[in-house]
Structure formats: structure tokens, C-alpha cells
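S.K.: Read off the chains here:
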Amino acid sequence: MSYELWILLTGSLVGLSCGIVGCFLILRKMSMLADAISHTVLLGLVMAFIVSQSMNGFYMLIGAAVAGLLTTFMVQLLNSSGIQEDAAIGVVFTSLFAVGVILISLFAKNVHLDVEHALMGEIAFVPWNTLSLPILGDIPKSVVMLGSVLLLDILIIFLLFKEFKLTSFDPSMAAAIGIPVLAVHYILMGLVSVTTVSAFDSVGAILVVAMLIAPGATAYLLTDRYKVMLLLSGVIGVLDSIIGYYGAKMFDVSISGAMAVAAGLVFFIVWMLSPKYGLISRFLNQRLTEE
Amino acid sequence: MNHLWQSILTDGNTQWVLLSTLLLGIASGVLGSFALLRKQSLIGDAVAHAALPGICFAFMFMGEKNFFVLLIGAAATGLLAAYTIQLITNTTRIKEDTAICLVLSVFFGLGIVLLTKVAQMPTGNQSGLDDFIFGQAASLVGRDVQLMGLTAAALIIITSLLFKEFKVSTFDPQFARGIGLPVGFLNFLFVSLLVITVVIGIQAVGVILMAAMLITPAISARYWTDSLRTMVFISGIVGGLSGAVGTLISTLGKGLSTGPFIVLTATVIFIVSMLFSPKRGLISVTLKRLKNDDRLAMRFILKKMYESGKETIRLDHLFQQSNISKLKFNRVLKHLMKKGYLHQEDGILTITKSGLMKAEQFSFVDEIMELKEMYPSELGSLDIHWIEKEEKETLSKEQLTKLQKKMSDIYIQYPFLNVKMSSRRGGQGYEL
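So the sequence lines, in the order shown, correspond to chains A and B. Plus 55 on top of the position in the first sequence (first one is 1) and you've got my numbering. Position 42 (the second sequence) corresponds to 26 in my numbering; numbering is contiguous.
Hints are not guaranteed to be accurate.
[Claimed, not checked] Derived DSS-like pairs: lysine-lysine, alpha-carbon spacing no greater than 30 Å straight-line:
1) B:K79 to A:K331
2) A:K282 to B:K288
3) B:K49 to A:K196
4) B:K272 to B:K288
5) B:K287 to A:K304
Note that these hints are calculated values from the structure, not bench results.
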């Protein structure tokens, strides 16, 4: 496969997995937690590097997942000790991120882990960092990682579909019929962390947040059905990354940044034109009822 | 270290940088308190991220790094982001947190795109726009610092002049509208002030961490007080302190970003507040809870003996009935014996006369409380606060008489209560 196809595939995988997982965050009103996790993942990566002294993807994945769960846990802790949620999120992620940045500048200055990379990702270099697999041949490491995380996401969502749905829409009802709401919450947060970190390596922190939230929000304006929203969000995620890639190529700018902008543009268009919830149709409806 | 003191004492630029981060900290602490109470803290985060494209636009437009123009660009996109968030929340069913997150990431993505564009420009390489991401107070020079410091001072003055108006429109917007305050305009003004704070702060703290300057000092101050005036004051001090200390620490090493150190200083102050605040701190709350648990266990044991109707009870028997750990049981028992309510001999407990009095009092209080909860409309206004206050000592005889009179008054007033209560008490009341 050519260089371009690999990048497109990586972007699409990011869009797909983030788009699906992001829907749950939007429905549960936990979008800011995604933002927080995408920042604190940096600390997880640094800690994993300091402990293992290597850039092995596996250690990084574990470190980041731990950091993500730690963030969720600390936010929960502060929240239950009486701090309002937005402030709790703000305090936790900024301090963990600050620790991460300081640790990088103190201990990990000379390795390939640098802050800029963490923010913007290096999707342009993805095709050159390959891994030999038995039947498939040489495949970029990121594609392997993103693919397996996507499979994991789909598997868990498939298995726990009903639980996720119930705890998202009616947590008290879910608790009443005996679903372990807190456990489901942490499973979901673990999923978000793992997805975030697998995407983080190739596209950086900004794009992860954009991809987690924008496709889901766009899909939310198009449909009222839960299943359709999940599928639509995945499709929009793929679309965003393809548009973003060609945009970046045309203007010769950062690919991940362009993907985030593309996600924003797609959202904007849907926000204006959506048949049911769009601004224009709302306006027309209002006019119609007035007449 | 010596070098540090020398540069503080003699170098004019360092002094200015310190002064301006101090003022910035105070301004963001003051405005952050209001933002926290209005639940708008995270809007500051979005505004900070959204300032990046504005800075890049301004740089591309001017072709040089003019601090003032960059600030105007940042303020423009920052305001645009703040209003986009409100527009999305108002016109769609998307919730505010999702809107904030969406706007934040898309604007920041645009910023990154423009940053790569700037880097391709001939003058782009030395632009130093990267410093805006994590903050580099040391790279501020002369007039920039003065501009920043003066703006921060102006923000502090404006907010203190409009303190009353902001206070009312924060806590009770409807009332504010009622007394004729222009609430819409005040909200607009507040968001604008917030944006300006963020914008002047990003050179020192960086776009990513600027949110912490608005949140952390305010939430730390919240632990120490319930009054808005004091909270704003403390928050300003915390902000100023972390700004100054963070800047000092970051100058110790070469090429360290300022932002993370300022944020970490604020976080340390937050953790200290969370643990040690006398009223809400974790430590004092835990101690209070332990004390209260002991108090409840004490009441439980005394009442148990009182209700059993016997003067004596076996120690292990009582322990089995009470649902607490052995350690706590012994502690509570020791306390009771020290007070002279109980008397122990060979594993057999005897309740003393004053112990019975005390138990009687507890029963009364509990009964009245129960009645109050059962019939809030009839007994809601009944004042029993004075009993709770004097719980530490045994009631005197006349106080007990007063209590009994009150009880009988209640029963006379509401005869339907009488049936239930008298059957439960079973006539074991302590004779006076």
C-alpha cells in the first residue's frame, strides 16, 4: 500500500474508534472528561517511559490507561468531597498535565517523546514505523495498535450494549434493576483512555479531543436513535479525517490540525443544514408556525 | 540561588516580570472566583485554547511580533469562541460541556494549522509563537510586561468597582433584573473581562494551562470562607502568590516553561487548603465525623440500658447488641465511665443515677425530634435547639421538668400523637 493510503487508513481508524466511544461521553455529559484524559495521558506516557526506560508501545498503553483511570478517579473523589464537577476536572487535568510537562523537560528531554509531538502527533511519519506480521506483511505499528483497540471497543460495546445504553439514559433505573453503574462507568472510562492513547501516538492530544467529541455531536444533531447515532458518528469520524487529510495536503499544513478543523467544519455545516435540528430549518419552522 | 536573588534585586526586567505575573495571578484569581460561582470555569479553558488561532492570524497579518496586536487577535478569537459556545448551547440540544469541548478542540486545531503555516513564513522561525503554548514569562520584555501588568491592574480595579453588580447578577440574576440592573450587559462585560484575563495570561502561563489560573485559586479560596468578598480576596492572594513563586522557580533552570510551575504552585496551595482548612478541610471533616460517631455510640449504649429497664447488664451482652467495633466500644465505654454515667464490676455494667438522667434526656430529645420529623406542619416551629446545645452536661432537674411539661403540652395540643407515644414508652419513665 502507498504512503497516502496508510495515512488515510490511520486517520479513518482514529475517526471510527473515537467517534463510537465519544457518543457515550456526549450522552453522559462527560465530554470534558475526554478533554481531561487526553491531557493527562501525557503524564502516563512520561511515567511509563521513566519506569521502563523504553518507548515500547505496550508500556505506553498501560501507563496511559492508568493515567486516564487515575484522572477519572481523582475527579470523582474531588467531586464527592463537595467540589463542583467542572472545577474538579479543571484542577485535576491541569495539575497532572503540568507535572507531565515538567517531567518531560527534566527527564525525557533527549528522547523522541517531546511535548510538541504529544500535542500534534506525527501522523505523517506513521507509514515508516512498521511492524512485520506473519500473513499481512509489513504494517505500520500505529495501524496495528489502532486496529486492535477498535476491535476491543467494538467487542466491549457489543457485549455491554444494553448496560451502556441504560446507564447513559437512566442511571437510577439501571441501578434499580441491578446493573453495577460504577463498574460500567469505569469500564467506559478505561475504554476512553485506551482509545485516546492509541490515537494519541499518531495524531496527538488535540485531534483526539476533536475526534472524540465532534463526530458524536454532529451525529447527535442528525438522529434521535441511539444505534444510528453510534454508526453515524463512526462514519462522520472517517469522513472528517479524509477531508482533513486532503485539506492539509492542499494547504501544506499540519495534518492532525487540519483534521480537527475539518471536523469543526462538518459540524458547522450540519448545525446549519440538519433537517430537524439545524438552524435554518428551525428558523423556517418558526416562520411557518407564525404564519 | 544567589544568582536568583541578585537578578531579583538588580535586574529591572526580572522585577517587571515578577510584578506582572503577580498582578496577573491576582486578576485571574479575582475573576476566577466569579467564574467558578457562575459555573463558567471551563469556558476560560476554551477561550485560552481559542486564543491560539487569533495570535497566529495577528502575526500573519502584521508579519512581526507586536505584543499588543497579538493580544487583540487573541481576544477576538477568544470572544468568538465564548459566543459560539453560547450559541451552540442555546440553539441545539447539545449540552454546554460538549459545546465547550468541541469549540476548544476545533479552534486549537485551527491554531496548530496556522502555526505550521507561520513556521513556513520567512520570518516565522524566530517568531517564538510556540512559547504561547506553555508560557514563557522570561521571554517577555520591557513594554510587553508593562502592558500586561497595567492591564491586569485595570482588570482588578474594574472588578472591584463593579463588585456589587457582579455579586448580585451571579447569585440571583432575576433579582438583579428586578432592581433594574442590566444583567445581559453585565454578563457580556464579565465574559469580556474573563477573555482579557486569559489573553494577557497566555504569554506567561500558556494556552493549555491558563484554565488552572482561573479555577485553582478560586476553588482553594472556597475552602476557607463562605463570604464572597473574603473568597475573592483570598483567591487573589493565592493567584498572585502562585504566579510569583512559579515564575521564580522556573527561572532556576534554563529553558523551563513558566506555566507548569505556576500551575503546580497553585495546586500545592489547593491541596493544603483541601486538607487543612478548619471548616471544610478533609482532616477536620474526618475528625468531626469520628467525634460524631462516638457521640452517637454513646447515646446508643445509654439508651439501650435505659430502655432495657434493668439497672445492670452484662458487658459482652451489650457489646453483641451494639453494632460497633470492639475498639470503639471500649473507648466509648471508658468515656461513659469517666463521666460517671456507668459503673463496671466483673463484666457487669450498672447504670448510675446521673446516667439514667442523661438517658432520659436523650430519649426526650429523640422523641421530640422524631415527632418533629413525622409532623413537620404541626411541630415544625417547635424550638428544641436549647436542649441540643446543653447536651454536654446533664440536665438539671428543673430543665427536665421543663422538658416533660413541653412533652405533655405537645400531647395536649395534638391528642392524636398521644396514643402512639405512650404505648411505646411503656411507663418506664424515670420518676422525678
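S.K.: If a hint holds in the structure, say so; if it does not, say that too.
M.R.: How the hints compare with the structure:
{"no.": "1", "hint": "B:K79 to A:K331", "result": "holds (17 Å)"}
{"no.": "2", "hint": "A:K282 to B:K288", "result": "violated (58 Å)"}
{"no.": "3", "hint": "B:K49 to A:K196", "result": "violated (40 Å)"}
{"no.": "4", "hint": "B:K272 to B:K288", "result": "holds (24 Å)"}
{"no.": "5", "hint": "B:K287 to A:K304", "result": "violated (80 Å)"}
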